[in-house]
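S.K.: Sequence:
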Amino acid sequence: MPELPEVETIRRDLEKTIIHKKIVKVKIYLPQLIKIPEVNQFIIRLQGNDIEEVRRRGKYLLFFLNTDDYFVIHLGMSGQLSYQYQSSELPEKKGKHDHVFLLFEDGSQLIYNDVRKFGKMWLLSKEREMPAIELLGLDPFGLDFSFEKFFNILRKSHRNIKSLMMNQRKIAGIGNIYANEILFIAGIRPLRKASSLTKKEAERVFLSIKDVLSSAIQLRGTTMVDKSYRDLDGNWGKYEKELLVYGKRKGKCPYCGQSLKMIRIENRSTFYCCACQK
DNA sequence: AAAGTAACCTGCCCGC
DNA sequence: TGCGGGCAGGTTACTT
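Position one of the first sequence corresponds to residue 11 (our numbering), numbered consecutively onward.
Don't take each hint at face value.
[Said to hold, decoys possible] Within a straight-line C-alpha distance of at most 16 Å, the following computed EDC-like cross-link-like pairs (lysine to aspartate or glutamate) qualify:
hint : residue 1 : residue 2
1    : K136      : E63
2    : K180      : E158
3    : K26       : E62
4    : K31       : E63
5    : K210      : E158
6    : K32       : E115
7    : K288      : E211
8    : K31       : E115
9    : K32       : D60
10   : K31       : D116
11   : K159      : E213
12   : K130      : D108
13   : K180      : E144
14   : K31       : D60
15   : K159      : D149
16   : K26       : D241
17   : K220      : E158
18   : K127      : D108
19   : K159      : E211
20   : K203      : E276
21   : K26       : D60
22   : K262      : E252
23   : K26       : D116
24   : K180      : D154
25   : K32       : D79
26   : K288      : E213
27   : K220      : D154
28   : K32       : D116
29   : K32       : E62
30   : K180      : D149
31   : K37       : E48
32   : K45       : E139
33   : K31       : E62
34   : K35       : E115
The hints are simulated quantities; they were obtained by calculation from the structure and are not laboratory data. Keep in mind it's a predicted model, so treat the numbers as computed, not measured.
Make the full structure from the sequences, and use the hints.
M.R.: Have a look at this one:
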């Protein structure tokens with residue numbers, strides 16, 4: 011589910027709520043979620059420590075502790091974090107898909123909920139970068155995300171532009187919804203070979219990436235009708251109203267009125283207008 | 001070696 | 001009303 015704008019929205023909210031709070035208790039009901047280290051070690055190294063900083067890399071959230079450790083969450087397709095301000099001592103009111111509870115000193119708690127269980131968590135020493143994160147490509151909001159670098163990535167690629175944009179090793183954070191929207195606004199067909207884009211076309215894609223992602227962050231992400239994405243307070247993102255093509259089966263192009271095409275690229279639904287996208 | 005497919009999961013929607 | 005198939009915002013491992 012969550013792509014860069016949703017993860018960034020959650021990160022910003024976490025920054026306002028859990029920073030400098032001491033974790034007094036950790037409860038894990040789904041051990042398979044924890045990839046590194048063993049569940050018991052994971053709990054022991056979290057309990058009694060403060061979260062000092064929350065960062066984002068691509069779709070990963072990184073929580074830096076006051077110790078030598080940091081922990082990492084990837085929300086997968088359906089992972090959600092929610093923050094409960096007032097709560098009882100023990101997090102015993104467990105919903106069906108609540109898998110992890112972090113109880114803070116002030117009685118508030120952070121709950122990880124995940125219907126499909128594709129999410130993952132790690133706890134690592136700060137000296138060690140997580141392999142999956144090390145392999146990530148440029149972050150669209152990183153200082154090093156320049157047009158020159160972007161254009162070079164396109165030129166070296168042998169793949170279509172949509173697959174390239176969704177390849178986390180090239181550009182980190184773009185998923186299926188935003189890839190569709192970005193290409194529509196840039197006027198580029200998703201199946202165009204990335205290396206075939208002219209400099210002007212690449213510039214349009216580059217600018218659309220920044221535009222679409224920052225507008226989506228502004229509106230706190232996209233919650234589709236299935237309502238699976240929520241922010242820390244349980245509220246929906248409001249970018250769905252802005253979507254121009256994604257999810258619009260039998261829809262019309264908002265620019266020219268022609269029927270939108272729906273194809274599959276790497277088994278993901280892909281929407282575009284064959285008149286407006288070249 | 002790139003590209004396709006299956007796997008990991010649950011829930012919802014649709015057609016029969 | 002029920003059942004089967006397809007689909008969902010992601011990633012990885014395995015197969016062609």
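S.K.: May I ask which of the numbered hints given earlier this structure violates, with the numbers listed in increasing order?
M.R.: none
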